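Undergrad: Residues per chain are reported as follows:
Number of protein chains: 2
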Amino acid sequence: MFQLHEQLRRDTLPICRMKLCLVQLMNDSQYPWLVLVPAAENLTEICDLSEKQRKLLINEIAQAERVLKHVFQPHKMNAAALGNVVPQLHVHVIARFKEDPAWPGPIWGKVEPKPYDPGDLRGIITKLQNAFIARL
Amino acid sequence: MFQLHEQLRRDTLPICRMKLCLVQLMNDSQYPWLVLVPAAENLTEICDLSEKQRKLLINEIAQAERVLKHVFQPHKMNAAALGNVVPQLHVHVIARFKEDPAWPGPIWGKVEPKPYDPGDLRGIITKLQNAFIARL
Chain A
1 MFQLHEQLRR
11 DTLPICRMKL
21 CLVQLMNDSQ
31 YPWLVLVPAA
41 ENLTEICDLS
51 EKQRKLLINE
61 IAQAERVLKH
71 VFQPHKMNAA
81 ALGNVVPQLH
91 VHVIARFKED
101 PAWPGPIWGK
111 VEPKPYDPGD
121 LRGIITKLQN
131 AFIARL
Chain B
137 MFQLHEQLRR
147 DTLPICRMKL
157 CLVQLMNDSQ
167 YPWLVLVPAA
177 ENLTEICDLS
187 EKQRKLLINE
197 IAQAERVLKH
207 VFQPHKMNAA
217 ALGNVVPQLH
227 VHVIARFKED
237 PAWPGPIWGK
247 VEPKPYDPGD
257 LRGIITKLQN
267 AFIARL
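Chains as they are written, first to last, in the working numbering: chain A, 1 to 136; chain B, 137 to 272.
Derived from the structure by calculation, the hints contain no laboratory data. A hint or two may mislead.
With a cut-off of at most 25 Å between alpha-carbon atoms, the simulated PhoX-like pairs for lysine-lysine come out as follows [to be verified]: (1) B:K188 to A:K52; (2) B:K205 to A:K52; (3) A:K52 to B:K246; (4) A:K55 to B:K191; (5) A:K114 to B:K246; (6) A:K110 to B:K188; (7) A:K98 to A:K69.
Residues on chain B that point at chain A, a partial pick, calculated with CB under 10 Å [said to hold, decoys possible]: (8) Q139; (9) I194; (10) N214; (11) G219; (12) G259; (13) I260.
Predicted, not measured: the structure shown is a model, and the values here were computed from it. We treat Cβ as the ideally placed atom computed from N, Cα and C, and that holds for glycine.
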């Protein structure tokens, strides 16, 4: 049975469930950062997905990009499936700004995460959920 | 008309053309590293692609992963569309090893690229081309 990897459960907050993926918000206030996790067992690489799952994944990545663009108006989107530390297949979809602490480099390993202020979190999660519901 | 971005032309070597993407080899001998570039104009983000192009892209990413797995037997694959420096949409597909200089971090900005020995390059390119032709 599919279970979200322990580290992803610890580092992220649930936003919604799409047809294939769980959508989680990375708890790092420095970048609007979603993590898409195909909710199926034993997936590590994109090439482990069936053709049908691959089509869903790329459409859900595009949807997550549209949501982040709509809510945050970033300068650039980044999308990446790395998984060298957490092997469960997951795709980072990140809104990047020229003023963010890692620009123009990739975000991983650049600066320590800064969790959201708990008072801001409810509003951000609701905005993201509403944008997913709106099917931009 | 589509033209490969100047920096990608400088840093990579042509392997083949798939239905949507040019497949280029990054000239860095430290990682088996392909760059897939959708051969269409004015694309920056995955969400700029049509649904048909997205389906092709994810299938071609999976194909590039299978080729790199077959030729190099890596420990993990990484796939990423970043584009903070080169805005032309391109997807890195990289074979990662526990012994590579950036493991387990992402490869970008970790160590300076080490171009291939020109004497090795022909053999590597041919192996990759043959693996793409074999449609693994």
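Undergrad: Taking the hints in turn, state whether each one holds.
TA: Hints, verified against the model:
no. : hint             : in the structure
1   : B:K188 to A:K52  : holds, 13 Å
2   : B:K205 to A:K52  : holds, 22 Å
3   : A:K52 to B:K246  : violated, 35 Å
4   : A:K55 to B:K191  : holds, 5 Å
5   : A:K114 to B:K246 : holds, 23 Å
6   : A:K110 to B:K188 : violated, 35 Å
7   : A:K98 to A:K69   : holds, 14 Å
8   : Q139             : violated, 21 Å
9   : I194             : holds, 4 Å
10  : N214             : holds, 5 Å
11  : G219             : holds, 6 Å
12  : G259             : violated, 24 Å
13  : I260             : violated, 21 Å
Against the hints set out earlier in the document, violations occur for numbers 3, 6, 8, 12, 13.
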